[in-house]
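Guided by the hints, dock chain D onto chain Y, whose structure is given.
Protein sequences, first through last, are from chains Y and D. Just so you know, the working numbering puts 79 at position 79 of the first sequence, and the rest follows in order with no gaps. Just so you know, the working numbering puts 145 at position 145 of the second sequence, and the rest follows in order with no gaps.
There are no misleading hints in this set.
One copy or two, it doesn't matter: identical chains are merged, so the pair holds either way.
Here are the computed lysine-lysine pairs in the DSS-like style, where the Cα-Cα straight-line distance is at most 25 Å:
no.	residue 1	residue 2
1	K141	K67
2	K67	K81
3	K141	K85
4	K67	K85
Derived by calculation from the structure, the hints in this document are not laboratory data.
There are 2 protein chains.
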Amino acid sequence: MERKSFVDMDCSVAQCLEVIGEWWTMLVVRDCFMGVTRFEDFQRRLGISRNILHSRLTTLVDAGILKRVPYSVHPPRDDYKLTAKGLDLWPILTAMRQWGDQYAAPDGPPVTITHASCGENAHAVMVCHHCGERIEPRDVKLNPRANRMPGPPLRERTVTAPRA
Amino acid sequence: MERKSFVDMDCSVAQCLEVIGEWWTMLVVRDCFMGVTRFEDFQRRLGISRNILHSRLTTLVDAGILKRVPYSVHPPRDDYKLTAKGLDLWPILTAMRQWGDQYAAPDGPPVTITHASCGENAHAVMVCHHCGERIEPRDVKLNPRANRMPGPPLRERTVTAPRA
Chain Y
1 MERKSFVDMD CSVAQCLEVI GEWWTMLVVR DCFMGVTRFE DFQRRLGISR NILHSRLTTL
61 VDAGILKRVP YSVHPPRDDY KLTAKGLDLW PILTAMRQWG DQYAAPDGPP VTITHASCGE
121 NAHAVMVCHH CGERIEPRDV KLNPRANRMP GPPLRERTVT APRA
Chain D
1 MERKSFVDMD CSVAQCLEVI GEWWTMLVVR DCFMGVTRFE DFQRRLGISR NILHSRLTTL
61 VDAGILKRVP YSVHPPRDDY KLTAKGLDLW PILTAMRQWG DQYAAPDGPP VTITHASCGE
121 NAHAVMVCHH CGERIEPRDV KLNPRANRMP GPPLRERTVT APRA
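So here's chain Y without its partners, still in its complex pose (with noise of 0.2 Å):
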């Protein structure tokens, strides 16, 4: 199936797919958050051909996630940094880290995370922004704007994902 374009879609989830579905571009933003800020190390880690790093390294300072900030200027070299809104992809990060390390790491997550505050393995889980209480799939209600999908349409409803 084709990669297509969601920017018709009205769903923010499929508005997110279109940064980041593509699969280089939550490596190359690990990256960034373990250090990584020059053009030889995103190379060496990715194992990608110098054009298409550039032309990926330049998909996304288009679409706002990096910034070159130029450390040398004879030659002109630059360090690629997450903007604010690259910085707000660490949440999905973070989940998609937390669920790899749950399901796909037979010999134990590759790389723990400690909770500088408390010194504990930092396991995050998502509480309510107002009143702090955990947010999982059956404590949520869905208040669509409207229905610009096709298929059925989505009547506010109370989410009742299965019980796996």
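For chain D alone, kept in the frame of chain Y given last:
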């Protein structure tokens, strides 16, 4: 750049991408959380052909994300429902939706989510499972088990994500 397999990459983000790195996966999972279970409904919402959809759903069943639950014997028909492994994609989906709402929904979020227990807009934030404090990029320390990734060694370090 060709989509390549991440099976040999010692990284949980890459392993997660191995499953959800196909752009259509999270759209199917999104629809499942919205209560869609029937083949015809997925097809209308995703706008793809029957044979391609069948192939994609089979891939997700094989990956343990979805399970088939018969609802008719004559003719044989199945509902597609999320397994526990599929339900655990919820934090990723939620984080993606919220990022899309923030950066790619100029007319406002297409779907808002109400937290049933407090009645407020269910904006999810990530907190530490142990201490309950927020987990932000600057609050954590990476502890790599070993560096089997090419490129610069990832020493134990405090992440110093650049301020945007």
